[in-house]
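Using the hints provided, position chain B relative to the given structure of chain A.
Going down the list, the sequences are from chains A and B.
Numbers 1 to 183, taken from our numbering, label the letters of the first sequence in order.
Numbers 184 to 514, taken from our numbering, label the letters of the second sequence in order.
One or more hints might be untrue.
[Claimed, not checked] Using C-beta positions, here's what the derived DEER-type ranges look like:
(1) A:Ala94 / B:Pro250: 38 to 46 Å
(2) B:Lys318 / A:Gln23: 53 to 61 Å
(3) B:His296 / A:Thr56: 54 to 62 Å
(4) A:Ala94 / B:Ile270: 34 to 42 Å
(5) A:Glu26 / B:Arg345: 40 to 48 Å
(6) A:Leu155 / B:Arg329: 26 to 34 Å
(7) A:Glu158 / B:Gly240: 53 to 61 Å
(8) A:Ile166 / B:Thr404: 47 to 55 Å
(9) A:Asp61 / B:Ile270: 30 to 38 Å
(10) A:Thr156 / B:Lys318: 31 to 39 Å
(11) B:Thr404 / A:Leu140: 54 to 62 Å
(12) B:Lys263 / A:Glu26: 57 to 65 Å
No lab work stands behind these hints: they were computed from the structure.
Note that the structure is a prediction, hence the values are computed from the model and not measured.
Glycine is no exception: its CB is placed at the ideal position from the N, C-alpha and C atoms.
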Amino acid sequence: MASEKLLMTADDVRRALVRIAHQIVERNRGTDGLVLMGLLRRGVPLAQRIADAIKTFEGVDVPVGGLDINLYRDDLTSRPQPLVRPTQLPVPIAGKTIVLVDDVLYTGRTVRAALDALVDLGRAHQVQLAVLVDRGHRELPIRADYVGKNVPTSLTEEIQVRVREIDQREEVVLVDHERRVLA
Amino acid sequence: MTTPQAAAPAITSLAPRRQVLDLDDFTREEIDLVLGTTESMREVLGRSIKKVPSLRGKIIMTLFLEPSTRTRVSFEQAGKILSADVINLSGSGSSAEKGESLLNTGLTLQAMHADLIVMRHKDSGAPYLLARHLKHAGIVNAGDGRHAHPSQALLDLYTMRRHLGSLEGRKVVIIGDVAHSRVARSNIFGLSAAGARVVLCGPPTLLPLELLRGRDTAYPTANVSVETDLDKAIDGADVVMALRIQTERMEGGATPSMREYTRRWQVTEARMRKARPNALLMHPGPMNEGIELASSLAHGDAQRIEEQVTNGVATRMALLYLLLNGPEASA
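Only chain A is shown next, with the shape it has when bound in the complex (with noise of 0.2 Å):
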């Protein structure tokens, strides 16, 4: 069996997420043009407590939507192939400042495909990152704007973030393949 470590409990996960919806906001100076679009699956219900976040402290409803990037990935060949699904816009995202939502950074590819489909669906005044993990090991030039959790990890290691909506509970753990191998 992995070894599993808990890295955020569900209230190191809200908690850091309302911080993020107030750097955004902070950022941004205001909601004005503001649209937060999650990448399928578990970026979108983060993406939604963020926006819930900033609805109790602005008042404003900010659009949510989810990006599916399967159709723009560069390593199809050399893994399992994941389910397409549809990808949900909920405004034209033309002049608009779009906050892609994800939950873990990793290599940075699938940012790299979500910036491919998002220009693909029009052209956002300007694309902001942000992810309730960075793990490291980047393999593209791509930082993330507003991170929940800064982690380092060893490549034997994977970061699993489970949400409510399609986990039944919420929490951040780390899972070492490595010990598993050698158990």
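Leaving out everything else, chain B in the frame of chain A:
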């Protein structure tokens, strides 16, 4: 954001499948996957920029040795939206006309690095010949003789599922020249795998003989039955599908006269009232107005036609994507 999502398919890949020759070897999970992916492809078709890069660098060749415009254009458009290079070949003007065998044509296309060959042929089973001999190129059957037309059947299943929600336990009546229809045959297998009940109806001479005589048959008989009386067959149907009657077959004496056919097997408004309220009426086209369907039912609105064409492209995008992506596709 409250977009309803259908239950996620149980599998995410068609691998190791490299060919789609018919639906008789499709599992329910595979059908769910194709229909679910079709839904996602529809979203791409609704965009102003109808282009995604997922099949960049893949070569699709369409080999249509029997004339067809709709199906070929649908596959071509699907491939191009996914950024594959699509090369079209037809019978006339090609070396097939000079007597080259199908197998040599196939091997030549494979040598030209075709990743996938979409083919139509007048002879039943022709795609199976290529599938047996081509080790690298995948094959999609776009219609072979009287045998199979899987992409059309998947499109029909998708349209039915959009209309009905689920196909489980639904009653689908297929009326007319079932014995000679590749669309009907593939639909029978696909519907059966998806859990629907299929009732075949028409003149006995145009229904599959082995089913009529109750012999051991390749058909999925648990879900398929035969009823020559249309008024009985249509009772409580969720979907009514009328097939094209080929008038040349009538002259051959295999069928009753046009008058008798029209009287006994034409879908009329009165007969549609025996089906479920809001039952879906389908016709794979091209249609003989006033024969298979009463004229009052024959005129589909532009929106319905547009929807069916869009669904056709989306279904073929899903097939191409699922066959050309994944670890096996590049092996």
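Each hint, compared with the structure:
no. : hint                            : result
1   : A:Ala94 / B:Pro250: 38 to 46 Å  : holds, 43 Å
2   : B:Lys318 / A:Gln23: 53 to 61 Å  : holds, 55 Å
3   : B:His296 / A:Thr56: 54 to 62 Å  : holds, 57 Å
4   : A:Ala94 / B:Ile270: 34 to 42 Å  : holds, 35 Å
5   : A:Glu26 / B:Arg345: 40 to 48 Å  : holds, 45 Å
6   : A:Leu155 / B:Arg329: 26 to 34 Å : violated, 56 Å
7   : A:Glu158 / B:Gly240: 53 to 61 Å : violated, 30 Å
8   : A:Ile166 / B:Thr404: 47 to 55 Å : violated, 41 Å
9   : A:Asp61 / B:Ile270: 30 to 38 Å  : violated, 49 Å
10  : A:Thr156 / B:Lys318: 31 to 39 Å : holds, 37 Å
11  : B:Thr404 / A:Leu140: 54 to 62 Å : holds, 56 Å
12  : B:Lys263 / A:Glu26: 57 to 65 Å  : violated, 45 Å
In summary, the numbered hints that this structure violates are 6, 7, 8, 9, 12.
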